[in-house]
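Engineer: Okay, here's what each chain looks like letter by letter:
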Amino acid sequence: MTLISTSHQLSAVVGDQDLLEIRVCGGSGCVALGALEVLAAMRRAADIAGVDVEIDPRPGVVGCRGFCSQGPLVYLPRFDLLYCRVQINDVDEILEHTLGRSEVVERLLFVDPASGRQYRGLADNPFFAKQERQVLARCGIVDPENIDHATALGAYDALRRSLLELDPVQIIDLIKRSGLQERGGQGFPVGLKWAVVAEAPGEIRYVVGNGEGGDPGLTVDRTLLEGDPHSVIEGIAIAGFAVGAREGRLFLRSEHSLGVARAERALGQARRQGYLGTAIFGTSFDFEIEICENAGASMGGEETALLNVLQGRRGVARPRPPFPAVSGLWGRPTLINSLETLANIPLIVQPEQLGPESVPASTKIVCVSGAVSRPGLVEVPLGTRIHEVVDEIAGGGCDGEILAVHLGGPGGATLGRDQFDTPIDFSSLRSQGANLGSGGIVVLGTDSCPVALARFFVAFCAEESCGTCPPCRIGTKVLLNILDRIGSGEAKASDLHRLEKLCQHIRRTSMCELGRNASSSVTTGLCNFRDAYEAHLGGQGCPTGECETVSSENPKI
Amino acid sequence: MKMAGDITDSGFFGTEGGDGAEALDQAVIDLIDELLAQAGPGRGGLIRVLLGLQQTFDRVSWRVQELVADRFGLSPAQVAGVVSYYPKLSAQRRGRLKLDVCTGSSCFLRGGNRILRQVAGDAPGRTSATDEPRIAVQQERCLGVCGLGPVVRTHDRIRPMVDEREADEIVRSLLGPEPHEEDDR
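Those protein sequences? They're chains A and B, same order as listed. Under this note's numbering, the very last position in the first sequence is 557; numbers go up by exactly one each time. Under this note's numbering, the very last position in the second sequence is 185; numbers go up by exactly one each time.
None of these hints come from the bench; they were simulated from the model. All figures in this text were calculated on a predicted structure; none of them were measured in a lab. Heads up, the beta-carbon is just placed ideally off N, CA and C, and yes, glycines get one too. Don't take every hint at face value.
Said to hold, decoys possible - Quick list of simulated restraints, FRET-style, between CB atoms:
(1) A:101 <-> B:169: 39 to 45 Å
(2) B:34 <-> A:204: 25 to 31 Å
(3) B:157 <-> A:319: 39 to 45 Å
Using the sequences and the hints given, assemble the complete structure.
Structural biologist: Printed below as a string of structure tokens:
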């Protein structure tokens, strides 16, 4: 809600009952493409044109719509017009034609690279049409740096209801009945986890929002923090009330500097408005949230390693049991949920906000990237099929056919075309040997090599391995060696057999999820793309040449 | 931060007893205390303090680590263990000019690794006097802008869809026409 025009001149054109809004996207992607400059130019242009526009003095922007490849995005809700790739010199035209004369600036509309068709707004755009934005409902509409925008659209209503109308047992019961599963990791039932923490002995408990997705291709955490930080904060506060904690931590990646800054600001505003602090809503509930930045160790996303980071130690995994729910931060019962999970909580506690047909906690945010024509971040109902996301929302391959998708990041699985009918939900994916992880979907074109991709993810695990247990520390290095030999064509058929055995061994004996899943990109690759692996054998090397570009000669930094 | 330059220029093992040693130590201790006040008491604030020091001095030298250890009641080895573990912390200087190349899965598929190899392979702009790299090239796991890969970040500006030619330009513009401009940002 950036430029709010109260001008009678403009409102005469558009009717006077409502304010006219221009929403300039302020996500990292659009900012990188120059959104802030566009915003500034808009202010200047409105000034120069002598239009009587009342402009919010702060650089107000809205959160990310996930359509980063087309940024900077400018959306005019009154006309349902989405302008893409807006640059400074387009600003005058938008103000003059669209705001002044209600005309569409055709050349700024989204043109689908696949079909060449032009789309006007959000309703008809195939990228948005199939989505069901519940968790991201406010994202892209409110100014993330202004708490009043968020509260006007229902932020903290669920917290109010929790504190004033419900007791902790009822809340946990609501969560259990919603069937909410952890977004990220293995999809553990959230209500159950909350109950364990709430019943664990001890006076002091903690809630941690885990913003280290541990997936190098994931923008979910960033989008939530940049677009609607209050949904996460509210989720943590409700969780704190339900499990009996008085302190929460927001564990964030320092790479997401814009998200960290907005979360920091949002926390300050929530404190000032009394949604955090002492005696919240006049009750006896006190709650405080503190931001902790990770210093770059992706391993820190693993629950027990995360606890070590928060305690100022090396971020290495701890043996389990004891589980963090019983003995976590400083040995106290600790609830750890991902940011997306926490952002789901307010929707569940406040069911009247949802339409009759929509069930809370029935969506998943996924990030489609790689060789598709419309990459981006989308929220889809659980049960949406992979091909619906890849072909219909993301528009299919950008350079020809799609060979495979890789779901769930480094610990995820590579699936072939014949598996694209699998619904995106926890149990269906598990039956394919995949897991949803935190929702990254990487699409491979036919010019890509599954071996190179597997090597990429194994290299990630090998570098991020904390080194505590030998199967992961040594096993991933050996995996990497074998994959390099396959890539360069030196491997024999017996190496594939060794690879398989080693994968199983690492999976069975590693201590934490990172190690257990480190080999899954190889296992699923071997299963679904065995011919691609075999094509490398016997001195032939990589048919696509991709393996060479990722070999171990890569600079170590 | 006053005297920041002096502190970072102190020897490998710290100030080594020069005349200004105590004053320099005091300046670091003041900064540590300032960071501690923001981070709250206890070891939980250690990483936050270290990140703050890293940002100010572009490294956490052994001497600074000793001072931190002292402030937290830890052994220097414990602090060194933490510093050496995290990619964002380092005991040695990496270069004042930051160039982060994203090699997350999406950027990887679009050639992020080639860009990384190119900019790191050039080992750009070592200063002849100290042989310290002027540009700190860092491999990033994901900058969260997956639709625009490969992306490169210089300081806090993210550059979308970088190709080989553009990477070259970014390096050159970072180094700037005159060496003395390098610390402007």
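Engineer: Run every hint past the structure and note whether it holds.
Structural biologist: Here is how each hint holds up against the structure:
With their beta carbons about 40 Å apart, residue 101 of chain A and residue 169 of chain B fall inside the hinted range of 39 to 45 Å. Distance hint for residue 34 of chain B and residue 204 of chain A: a CB-CB separation of about 28 Å, consistent with the stated range 25 to 31 Å. Restraint check, residue 157 of chain B to residue 319 of chain A: a C-beta distance of roughly 43 Å satisfies the suggested window 39 to 45 Å.
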